[in-house]
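Asks: With these hints in hand, go ahead and build the complete structure from the sequences.
Chains X and B, in that order, are what the protein sequence lines are.
If you read the first sequence in my numbering, its first letter stands for residue 1, the second for the next number, and so on.
If you read the second sequence in my numbering, its first letter stands for residue 141, the second for the next number, and so on.
Simulated from the structure, these hints should not be mistaken for laboratory data.
The structure displayed is predicted, hence computed values, not measured ones.
Glycine included, C-beta positions come from ideal geometry on N, C-alpha and C.
Take these hints with a grain of salt, some might be off.
Examples of chain X residues lying across from chain B (beta carbon under 7 Å, computed) [as the list claims (entries may be wrong)]:
(1) Q40
(2) I44
(3) V75
(4) E110
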Amino acid sequence: MITLWHYLAVAAALFGIGLVGFLTRRNLITMFLCAELMLQGVAINFVAFARFHGNLHGQVFVLFLLAVAACEAGVALALILMLYRRGRSLDVSRWQDLRELGVPAAADLESLPVVHAEPDPTLTPAGARPAPVAEEPARV
Amino acid sequence: MTLLAVEPPSAAGQLALAAVLAAGGAFLLLPKPGLRSVAGGVAGLVAGLAVAAAWVATTFGGPVTNYVETALFGLFAAGALGFGVVLVTQRNPARGAIAFAFVILSVCGLFLLLAAPFLMAATVIIYAGAIIVTFLFVLMLSQNDGPSDENDRTREPLLGSLAGFAFVGLILFALGQNHAGAASLPAQAITPSEQAALRAAAAELTAMTEDAFYTTGEPKDRSERVARLERAVEDVLGVSGGLDEGTVRDRSIATRLRAARSDLHAQGVLARVGAARVRAADTFELVAAAARNPARYPPAPARTAAAGLRDDLLLLAGVGELPARNVANLGVLLYADHLLAVELAGTLLLVATIGTVAIAHRRGTAA
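Replies: Shown next as C-alpha cells:
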C-alpha cells in the first residue's frame, strides 16, 4: 500500500537532485531549472500531506507556491538577460567577483577538449570563371 | 567463520551506501573536462536508487492492496527522478528543458494519484509557458559552437553530489525514525476496514428500513435482525445497545483515535462518532419498543431514526476522504479562509512584474 511516507521519500529525492544541480552546474538557465525542480519536490510534500490529512489546505498552499514560482521565474529570467548583456556569457563563474571576502577565486585548471569543427561542405566551382571586365562608365 | 553469515546492513548503513553510490554516479555523469563516464554514472545512480527503493519498501511498505496504484506510483516516481537526473547532468540546456517538461508531467501524475486534479491542470498550464520561455532564452543566449565553460564545466562535482545525496539520505533516515516511532499512528482517521464495516452496518440499516414491519406494521418477530444490526453498529462505534453492558470493543473508532491522534481532524471525527453513538442508542430504543409493543409504539418513528442513523454512518465512512468537488472546495477555501493571502499573492505578482521590467530595461540607447 502506498502511504504518505512513500510520497515524502520521492519528494526528498527530487529536492536532493535539484540541490545537486543547483550546487554544481554553471549555466544560469540550468540552475534556474534545478531551482524549479526543488520547488516541485516541496509541492509533492504539501499535496501528500493534504491527501493524508483529508483536507485541502495543503493544495491551497501549492497554489500560492505556483504564484511565487511564477514571480521567481520572471525575476530570474530578467536577471539572466541582464547578466548576459554585461558578460556575453551564461557562466556564473564570470561573476565570482561577488564572492565572499577571503575566499580564493576558482580557476579552471583543465582545458576543455578542442573539437575540430568540420568546415561546411562546398561544391567545387564548375565552368569557366568569367574574365574580369573593366567597369563600365556611367551612362548618365 | 563464513562469509555468508553477514548481517543485513542497518537502516543507516543502507542509506549511506545508497547516498554514496548515487553521489558517485552523479559525479561520473556531471559534465567536466576530465573523467566522465555515462555507463558508470548510470550504473551508480541506478544502484543507489535500487538500494534506497529497497529500504523504502522494507521500512514503509505494507501488503500491496492496490496493484494499479502501486504501479502508477512507481512509474511516476521513477519518471520524475530519472528525468530530474537527466536535467542535472545534461550538457545541452535545451535538452535539459525537455527533461524538465517530463519531470513536470510525472509530478502531475503524482498529483493526480493524490486527488489533486485542479493542481495537476494548473501546473501543466503554468509550466508549459515557463518551459517555452526557457527554450526561447536558450535559443537566444547560448552559443552552440563547441564546448563552453558554462556547459562543460561544473563547480566541485564530487563535493556537490556528496552534499546533495547526503542530504537526501539524512532526510530519509529521519523519515524512517519518525515512521518507526509512529507505526501505530494511522494515516487516515477512518481506516479502510472501518469504512467497510461502517458501510456494511449502513446496508443493514437500509434493509431494516425497507422491512415490511416498519412500513405496514405487519406483526412478526424481528429480534434476530435487531440483534445483528446492534452487533454491527457496536463493532465500529463502540456503542452498546443494552445487550452486554461494559464490554470494551477494541475495534471501535473512538478508542483507537483517542489513543493515537490529537489533531483537529481527529477531534472532528470523534465528535461525529459521539453524535452517531447517541443517535444509535435512541434508534435501538425506538426499534426495541416498536418490536415489543407495536400498538403502543408506532414503527414509523423507529424507521425515521434508522434512516438518520444510516446517513450518519455513511457520512462517517466518507470522512477520511477528500471532498469530491475539488475545484469548488478549493475555491471556497481560497476565498473564505485565505482571502488575505490571495490578495498578497496578487500584490507579489504585481511587484515581481514591475521588478522584472525595471531589471531588464535598457538604459540609454544601446547596451
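Asks: Run every hint past the structure and note whether it holds.
Replies: Comparing the hints with the structure gives:
A least Cβ separation of about 5 Å between Q40 (chain X) and chain B falls short of the 7 Å threshold, and the interface hint therefore holds. Interface restraint check: I44 (chain X) against chain B, minimum CB-CB distance 6 Å, threshold 7 Å, status holds. Hint on V75 (chain X) holds. Least Cβ distance to chain B is approximately 6 Å, under the 7 Å limit. With a least beta-carbon distance of about 4 Å to chain B, the hint placing E110 (chain X) at the interface is held under the 7 Å criterion.
The earlier numbered hints are all upheld by this structure, with none contradicted.
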